[in-house]
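Please build the complete structure, drawing on both the sequences and the hints.
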Amino acid sequence: AVMAPELATLPVDASGQWFGSGTGWGYAERIPVSLAGHDASMLPHAQDLLTLATFAWHRGEALPADDAQPVYLRDKVATPKAR
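Those letters in the sequence shown? Residues 1 to 83, by the numbering used here.
It cannot be assumed that every hint is accurate.
Using C-beta positions, here's what the derived DEER-type ranges look like [said to hold, decoys possible]:
(1) A68 with P32: 29 to 39 angstroms
(2) T54 with A4: 27 to 37 angstroms
(3) M3 with P44: 17 to 27 angstroms
(4) V12 with R59: 26 to 36 angstroms
(5) L10 with Y72: 23 to 33 angstroms
(6) L10 with L63: 23 to 33 angstroms
(7) L10 with Q69: 18 to 28 angstroms
(8) L43 with M3: 14 to 24 angstroms
(9) G60 with P5: 27 to 37 angstroms
(10) V33 with T54: 18 to 28 angstroms
(11) S21 with H58: 17 to 27 angstroms
(12) A36 with H58: 22 to 32 angstroms
Hints are computed from structural coordinates only; laboratory data are not their basis.
The beta-carbon is built from N, C-alpha and C at its ideal position, and this holds for glycine as well.
Given below as structure tokens:
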């Protein structure tokens, strides 16, 4: 999700068990969560989603390919302003 760093939360029982990666962790001092560590230079790759997809599959969260929709976090960032 895209939000102010101060609004970041983790599940209560995950405190200290997560590792943060990606450029957002350049704001780590503003993020009020307890992590095992973080690395702002470590970026995710598409293959990393396979692990998450495997867990989702085993939880019965699969759906037909025709129903899959991409999520674009930046949908409205590049929208030109009306004149």
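Hints, verified against the model:
1. A68 with P32: 29 to 39 angstroms: holds, 34 angstroms
2. T54 with A4: 27 to 37 angstroms: Holds - the Cβ-Cβ distance for T54 and A4, about 32 angstroms, lies within 27 to 37 angstroms.
3. M3 with P44: 17 to 27 angstroms: Check passed, 18 angstroms falls within 17 to 27 angstroms.
4. V12 with R59: 26 to 36 angstroms: violated, 21 angstroms
5. L10 with Y72: 23 to 33 angstroms: holds, 24 angstroms
6. L10 with L63: 23 to 33 angstroms: holds, 26 angstroms
7. L10 with Q69: 18 to 28 angstroms: Holds - the Cβ-Cβ distance for L10 and Q69, about 26 angstroms, lies within 18 to 28 angstroms.
8. L43 with M3: 14 to 24 angstroms: holds, 20 angstroms
9. G60 with P5: 27 to 37 angstroms: At roughly 34 angstroms between Cβ atoms, P5 and G60 fall inside 27 to 37 angstroms, so the hint holds.
10. V33 with T54: 18 to 28 angstroms: With Cβ atoms ~25 angstroms apart, the hint holds.
11. S21 with H58: 17 to 27 angstroms: 24 angstroms Cβ-Cβ, so the 17 to 27 angstroms window holds.
12. A36 with H58: 22 to 32 angstroms: Because 24 angstroms falls inside the window, the suggested range holds.
Comparing the model with each earlier hint shows a violation of hint 4 alone; every other hint is respected.
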